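Student: Use the sequences and the hints to build the structure in full.
Here the sequence shown is numbered in the working numbering, starting from 1 and rising by one per residue.
No lab work stands behind these hints, which were simulated from the structure alone.
Here the structure is a predicted model, which is why all the values come from computation and not from measurement.
For each label pair, taking beta carbons as the anchor points, the in silico distance ranges come out as:
| # | residue 1 | residue 2 | range |
| --- | --- | --- | --- |
| 1 | Gly61 | Ser107 | 17 to 23 Å |
| 2 | Pro79 | Glu37 | 17 to 23 Å |
| 3 | Glu88 | Glu29 | 29 to 35 Å |
| 4 | Gly27 | Ala110 | 15 to 21 Å |
| 5 | Val3 | Lys117 | 15 to 21 Å |
| 6 | Ser2 | Glu90 | 35 to 41 Å |
We put the CB at the ideal spot given by N, CA and C, even for glycine.
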Amino acid sequence: MSVQKIVLVEDDEVLSKVMYTELTDAGFEVSQAFDGEAGLELIRSKRPDLVLLDLIMPKKGGFEVLGELKKDPSTKDIPVILLTLLGEDEDIKKGLRLGANDYLVKSSHAVAEIIEKIKTFFSKESHPEGDQPKI
Numbered sequence: 001m002s003v004q005k006i007v008l009v010e011d012d013e014v015l016s017k018v019m020y021t022e023l024t025d026a027g028f029e030v031s032q033a034f035d036g037e038a039g040l041e042l043i044r045s046k047r048p049d050l051v052l053l054d055l056i057m058p059k060k061g062g063f064e065v066l067g068e069l070k071k072d073p074s075t076k077d078i079p080v081i082l083l084t085l086l087g088e089d090e091d092i093k094k095g096l097r098l099g100a101n102d103y104l105v106k107s108s109h110a111v112a113e114i115i116e117k118i119k120t121f122f123s124k125e126s127h128p129e130g131d132q133p134k135i
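Tutor: Printed below as a string of structure tokens:
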């Protein structure tokens with residue numbers, strides 16, 4: 001099996017560095033962007049297996065990035081997990097309605113737990129008879 005590619009779009013440089021290290025140590029190929037515009041460009045050029053997307057970012061917010069990804073036929077099928085501080089029900093519903101596969105509130109999950117959720121996500125993707133995405 002080939003190495004799974006992840007694009008991490010996160011403007012918090014400390015969290016991004018920690019996530020990058022943990023994900024690469026777990027065997028993933030990770031590319032990073034620190035704002036929404038750069039994230040869109042990176043996603044379109046890399047064609048990752050998964051996008052980890054923050055919502056509150058400079059230049060272009062995560063909801064806008066997600067909406068553009070899901071409207072573009074070349075990127076609409078790329079799975080997206082929102083990784084954000086916004087934990088209100090309204091924000092979660094909006095993210096899932098726009099096409100996110102999952103929604104993780106940063107303050108509610110340790111980095112190790114997030115990595116495990118990503119591994120679980122990929123194991124479900126390779127065995128699709130399991131759980132379907134939450135929508």
